Each structure stands twice: as structure tokens, then as C-alpha cells.
Amino acid sequence: MRSLLLLPLLAAVAAATFSDSTARSQMLPLSSAAYSDSPQVCLSSQLKTAQLSKQVTLKCDYFKKDACSGFTFFDETRKVIGMSFRGTSDTTQLIMEITDTLFDSKVDFQDGGQTSKYFNDAFMDVWNGGLGGDFQSLVAKYPTYTVWVTGHSLGGALASMAAAHISANNIVSKSKIVLYTFGQPRTGDQKYADVHDNLVTSFRVTHQKDIVAHIPPEFMKYEHHTSEVWYNNDMSDGSSYVVCGKQEDKRCSDKNLLDTSVDDHTHYYGKEVSGWGHDGCP
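If you use mature numbering (1 follows the signal peptide of the UniProt record, and there is no 0), the sequence shown corresponds to residues -16 to -1, 1 to 266, in order.
One or more hints might be untrue.
[What the hints assert, rightly or not] List of simulated lysine to any residue pairs, SDA-like, C-alpha gap at most 20 Å:
| no. | residue 1 | residue 2 |
| --- | --- | --- |
| 1 | K43 | A124 |
| 2 | K205 | K234 |
| 3 | K101 | K160 |
| 4 | K160 | S5 |
| 5 | K63 | S5 |
| 6 | K175 | K160 |
| 7 | K38 | A124 |
These aren't lab readings, by the way, just hints derived from the structure by calculation.
Keep in mind that this is a model prediction, so the values were computed, not measured.
Sequences and hints are given; from them, build the entire structure.
As C-alpha cells, this is what we get:
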């Protein structure tokens, strides 16, 4: 698919169509809410009719100051159920771990390919810690609903794995899954990227020079899955963006490989993602 310069779409989102409006006004608040221990405050502030179902929070093995966390939700007005995953609250720590030893070892991802051992352990702990069971209960209660999966930073990697897992295991069909991530690091190897592309139609939103979109580096045998949505601007209302269909595409953020920014990672659509979530998404 060719890279296309698109204007923001105002129509309702479909699994195969990126919507700036959905990313900005619904998926980002969901991602920010995951940083809070009371995500319902964000949901009530920004999505109004969305309701928290269950939040699971566990200590992460590597990030001693952080927790791996995710929550499920339902929205009977929008006819949506879904999951959102928390990122690490300390971006500098995440980068240090990535450039040290954290991503030296990969493990088999149960649904295909290999992922970072840390990502795999974090996802499986949260999923098996109660999030997976609650999500499947929501699917049983609302079998016709669309499924939204999202997360920022580390949470984007976990959201990527969650969407692939529910598709691979036929918990929900691919056509119902809508995956949007923000500042997602590379999550797995080439096979994982290929498997993921077969299982999920996804959009990795990247803000300009976001450093985390470039780590772990490709020489460590990591590969992004499609599709990247790149905003080479401040992401203010009405900003243009590029949708790139290749897994690694020099027409999107890869062109900034040697010019990166931590600030662009922490800020999306004018919001400091974790802080906005902690404050209840006012």
C-alpha cells in the first residue's frame, strides 16, 4: 500500500480505516486512563458512557518503580468493549533498559513469532491475572460489539499482543478488532510482525520524532508491524498525517532515525499522556 497524505477523517471508525477523530477523542483518553488507578474518572470525563469493568495491576519484573496494568471496559451507547494497557511512567528508565540488556532475549509468543521476554511476561501476567477472563465475559455478554484495544508506550506493545491473541484464538474475529497504539516500541521479530499483520488491522500512531518508535533497534532483529500513522507536526486539531503501509517505512518516522525526542514520546495530541491520565483527563 502506498503512503498517503490524509486529512483527518470525521466518519465513524472501521477496522480498516484510520480516524483522527477516534484516535484523538477516544483512543488517547483510553490510553491515558490506564495510567490511573481510577480509570473511570477519565472514562467519565472524556467518553461519558464508557464504564470500567476490571483493572488488573501487577508489579513488573524489570521496572521496580512501575506496574504492569490494564483494564477492560464496555460502552453500551457506542456498542464497544475493549482493553487499555498502561505504559511505563518513566520514559528515561524505559530507554535505559531497552539499550542495556532488557531486549537481548526473545521468547516464543504463543500465537506466533518471538517477542521481547519482558513484553511477553508482562502481557501474560496481566492477561492471566484476570484481565483475559473478564474480557471474555464481556465478549459473551456483548457478542456483536466492536472491540477497541489501545495503549501508549509499553502499553502499546501489550495492546499489540492482546489484539493478536484475541484474534488468533477466535475470541473475537479480526473484522471486529480496532487496534490503535501511541508511541509503541518494536514488540517482536519479523515473524511476529508478519503474524500480527495477518491477525489484526492496526494503527501505530507516532508523534514526529518519538524516540520509542525506534527501539529496540532493527539490528537486534525487531520489526514493527503495520500500519504506522505519522504526524510530522504538533498534532494540534486539523493536523495532517501520513499512513504508511510498510512495516518499516522511510516515508514515516524512520526518516528521523538520528533525530529523536523524548518529549514527542510523552506528548500526543497536545496531552502529556501519563500526567493527563493521572489527573483524570480533565
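When you check the alpha-carbon spacing of K205 and K234, does it fall within 20 Å? holds (18 Å)
Do the alpha carbons of K43 and A124 lie within 20 Å of each other, as the hint requires? violated (29 Å)
Taken at face value, is the distance from the CA of A124 to the CA of K38 at most 20 Å? Measuring from Cα to Cα gives roughly 15 Å; hence the hint holds.
Could you grab the alpha-carbon distance between K63 and S5 and see if it respects the 20 Å cut-off? holds (17 Å)
Given the hinted pair K160 and S5, is their Cα-Cα distance within 20 Å? This hinted pair holds, its Cα atoms lying about 19 Å apart.
Hint consistency between K101 and K160 [alpha-carbon to alpha-carbon, up to 20 Å]: Given that 20 Å is the threshold and the Cα spacing comes to 28 Å, the pair is violated.
Checking one constraint from the list: CA of K175 to CA of K160, max 20 Å. Satisfied? With a Cα-Cα distance of about 23 Å, the restraint between K175 and K160 is violated, given a limit of 20 Å.
Comparing the model with each earlier hint shows violations of hints 1, 3, 6; every other hint is respected.
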